[in-house]
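Let's have the full structure, built from the sequences with the hints guiding it.
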Amino acid sequence: MNTLNSRKALLSLNDLNFGYGKESLFVNADIEIGEGETVRLTGANGTGKTTLLKILSGVIDRGVQYRVQWRGQSVKSVDEIRQRISFAVDTPQLFEELSCKENIEVMQLLWELDTSYFDAVVDLCANMGMDETLFERPVKSCSLGTQHKLFLAMVLARPADLYLLDEPFNTLDQSSRGFIARRITNDPNHSYLIVSHLAQPGLEFNRTLNILDIAGPRQISHVRSYE
Numbered sequence: 001m002n003t004l005n006s007r008k009a010l011l012s013l014n015d016l017n018f019g020y021g022k023e024s025l026f027v028n029a030d031i032e033i034g035e036g037e038t039v040r041l042t043g044a045n046g047t048g049k050t051t052l053l054k055i056l057s058g059v060i061d062r063g064v065q066y067r068v069q070w071r072g073q074s075v076k077s078v079d080e081i082r083q084r085i086s087f088a089v090d091t092p093q094l095f096e097e098l099s100c101k102e103n104i105e106v107m108q109l110l111w112e113l114d115t116s117y118f119d120a121v122v123d124l125c126a127n128m129g130m131d132e133t134l135f136e137r138p139v140k141s142c143s144l145g146t147q148h149k150l151f152l153a154m155v156l157a158r159p160a161d162l163y164l165l166d167e168p169f170n171t172l173d174q175s176s177r178g179f180i181a182r183r184i185t186n187d188p189n190h191s192y193l194i195v196s197h198l199a200q201p202g203l204e205f206n207r208t209l210n211i212l213d214i215a216g217p218r219q220i221s222h223v224r225s226y227e
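To convert, note that position 17 of the sequence shown is 17 in the UniProt record's numbering; the numbers rise steadily by one, no gaps.
Please note: incorrect hints may appear among the correct ones.
[Stated by the list, open to error] Lysine to aspartate or glutamate pairs mimicking DMTMM-like chemistry, simulated, CA-CA at most 20 Å apart:
| # | residue 1 | residue 2 |
| --- | --- | --- |
| 1 | 101 | 79 |
| 2 | 76 | 112 |
| 3 | 76 | 32 |
| 4 | 76 | 96 |
| 5 | 140 | 90 |
| 6 | 140 | 97 |
| 7 | 8 | 23 |
| 8 | 54 | 161 |
| 9 | 54 | 15 |
| 10 | 54 | 79 |
| 11 | 76 | 15 |
| 12 | 8 | 32 |
| 13 | 22 | 79 |
| 14 | 76 | 23 |
| 15 | 76 | 30 |
| 16 | 22 | 32 |
| 17 | 54 | 23 |
| 18 | 54 | 132 |
| 19 | 8 | 30 |
| 20 | 101 | 80 |
| 21 | 140 | 102 |
| 22 | 101 | 131 |
| 23 | 101 | 132 |
| 24 | 8 | 161 |
| 25 | 54 | 97 |
| 26 | 8 | 187 |
| 27 | 140 | 161 |
| 28 | 101 | 114 |
| 29 | 140 | 112 |
Honestly, the hints are just simulated from the structure, not real lab data.
This is the structure we're talking about:
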């Protein structure tokens, strides 16, 4: 596979500084994601993997310092490009009292998308073996696996350039994991930054970003996993 050096940068975050209280988590850290690149984010528990995804998605914006470029152009903050980034946290974020169908419709309205979004979510769910009768059921009556399929489908169906996925294979059955892995691997038009402790067959990464502990603060290191 191509390395970052042969790709145009999609997102560049430089001189990232952030911490909780008096503890520095990132100190002058740099991260760059190329166009059409699939990157694995690794590191021991508590080293800041989820925090980094939240910073990149704009979920965490207080107390963060950085310089950011999008497609080579400087922007003031991640907030300016949030519509081009889709983020799936590791726990499904759904309205439990609403039906699966209503959850899709709510996000369609919030993200100001047309009906093709609804169809795309349903198609992804079907490919993960989700029975169409489940769409009328309240989310709270669905299994955690079904909830995760729905949430992941909603995130992946959202038009974006960069997808941030935090443990996307958790609670998914083997068939669904295989489908998602193939979909990502066979998608050259979008970029993915994925946190996953599971070695998923069929999922190929261009590079690995490993968060290392260096004298306390965490630094982001570029480790090439595929040529």
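Practice item. If any of the earlier hints don't hold here, list their numbers in rising order. Key: 1, 2, 4, 7, 13, 14, 16, 18, 20, 25, 27 and 29
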